[in-house]
Amino acid sequence: MTPVLQKKICMLGGFSVGKTSLVKRYVQSIFSETYLTTVGVKIDKKTVDLSDRIVNLILWDLAGEDDINTFRMTNMRGAAGYVLVADGTRPPTLDVALSLRQRVETEYGPLPFVLLLNKSDLKEEWAIGDAEVEGLRRNGLWVQPSSARTGEGVEAAFKDLAVRASS
Amino acid sequence: MEVLPASLAERLRELTYNERAVAYLHVDAALTLMGADGHLDNYGLAAVRLGEPVVEQVYFLEGLLPLEESSYFVPSVELDSGRAADLHFHQDGATVWVVLLDVTAARDAARQMQQKAYEMTLLQEKEVQLNRRLESLNRDLEAANDFLVTISTKISHYLAPQIYKSIFSGQKDVAIHTERKELTIFFSDIKDFTATTERLQPEEITFLLNEYFTEMSTIALKHGGTVDKFIGDALISFFGDPETKGTVEDARACINMATEMQSRLAELNVKWRSAGKNSRSACAWASTPASATSATSAALTAWTIPPSVPRLISRRVSSRSPSLDI
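Protein sequence lines correspond, in order, to chains A and B. Residues in the first sequence are numbered from 1 upward in steps of one, following this note's numbering. Residues in the second sequence are numbered from 1 upward in steps of one, following this note's numbering.
It should be emphasised that the hints constitute simulated quantities derived from the structure, not laboratory data. Quantities reported herein were computed from a predicted structural model and do not represent experimental measurements. Every residue gets a Cβ at the ideal spot worked out from N, C-alpha and C, and that includes glycine. Take the hints with a grain of salt, since some may be wrong.
[Unchecked claim] Examples of chain B residues toward chain A, derived with CB under 8 angstroms:
| id | residue |
| --- | --- |
| 1 | G63 |
| 2 | L64 |
| 3 | V77 |
| 4 | A110 |
| 5 | Y118 |
The task is simple: from the sequences and hints, build the whole structure.
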């Protein structure tokens with residue numbers, strides 16, 4: 001019988017970077033143009049079949065903060081990994097994501113994570129340079145452009161994280 | 001701690017239970033669900049089974065149990081049912097109570113406020129970004145403008161100032177067209193230039209011609225003449241286009257120019273003679289109806305006069321005496 005594991009994964013990032021939209025795209029395969037800010041936490045579940053094991057990802061979609069100091073780090077308790085999300089059209093959100101990663105590592109040690117540069121469909125407004133992305137990759141970060149609107153990079157990111165979080 | 005009157009405490013308990021849709025889960029040390037009651041259906045938990053592992057049934061508890069401290073609180077958790085609950089964890093011996101209190105109304109109110117604040121911040125961020133883009137575009141525009149100024153300055157050395165001014169001020173289009181006008185056309189060349197060049201080194205010839213043309217062009221411009229071109233040692237200029245003072249005045253300006261050119265050339269000759277060079281010029285002009293044309297190839301456009309007119313005048317020069325012939 002294929003073993004079934006359950007892993008808590010948190011979505012972290014500044015406000016309006018598309019965390020909720022990414023979860024919605026991944027779990028329900030839908031995208032809504034309407035921006036609805038998350039208050040507190042929204043919890044969803046997605047089952048991933050990894051052939052040798054089944055992983056239930058419990059996705060904690062945490063409210064994005066404009067001030068990262070107000071971020072409730074205790075929400076990360078029990079997480080097996082996390083998805084950092086930045087908005088590729090708003091460079092300051094990348095700084096927020098990297099600061100959050102720092103805080104998580106300080107509090108909980110190294111955990112598997114992926115960094116998604118979201119809204120890759122908005123090519124005209126894209127503001128994060130390739131050199132910067134390459135620099136992050138050279139520093140060992142798993143960085144990928146993604147789009148909740150088109151689905152680009154979404155499935156692959158969660159699957160990669162499921163593998164690493166359940167190994 | 002003050003104790004509420006029993007009837008009031010009971011009323012508050014009822015209010016909390018009903019208004020906040022209180023529900024609870026009771027979990028043992030092995031993380032088995034040993035009890036559950038209250039408004040479980042409000043949170044989509046009506047079907048939980050006692051005696052079975054709790055985390056598999058109530059998946060939002062994943063990672064939270066067992067408790068690390070005696071009490072723990074997670075505010076505003078939106079569950080599958082769409083309702084938002086505050087989750088209160090309370091250690092009781094080896095067991096844990098999980099209490100759910102509905103905060104959907106408060107969550108919605110907070111969301112409304114938060115939404116407005118974030119939208120405002122997003123607008124401000126957008127404004128900052130747009131301003132940055134505008135500044136960047138302005139910088140590009142300034143660079144392009146500087147480049148154009150440099151280029152046009154370089155081009156200006158190859159055009160008569162009047163032509164340059166009329167094109168770059170937008171008065172005249174660079175397009176193929178012809179205008180028939182009464183022009184006074186002037187032609188001059190250096191007498192015995194070929195023989196002179198045989199005596200001089202190429203650098204000396206260049207120096208002599210540069211000085212000669214610079215001086216003559218300055219005089220032409222001073223009198224309102226449009227310097228059309230230099231051909232070897234010959235200078236062709238005309239009066240009447242693109243600026244004109246009338247046919248008679250243009251012709252008079254041309255005569256004045258020619259006189260001054262001869263005077264200046266005499267001065268230059270003194271200087272050149274002392275340097276072992278000598279030169280004389282002959283000139284002629286004619287007032288004639290002519291057409292000023294924008295002569296164009298695919299790669300080059302020139303504002304000029306047709307070649308027949310200068311040829312006619314140059315023949316007139318050839319028939320005159322070598323020194324000062326008006």
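*Which hint numbers does the structure go against, in order from smallest to largest?*
Structure breaks no hint.
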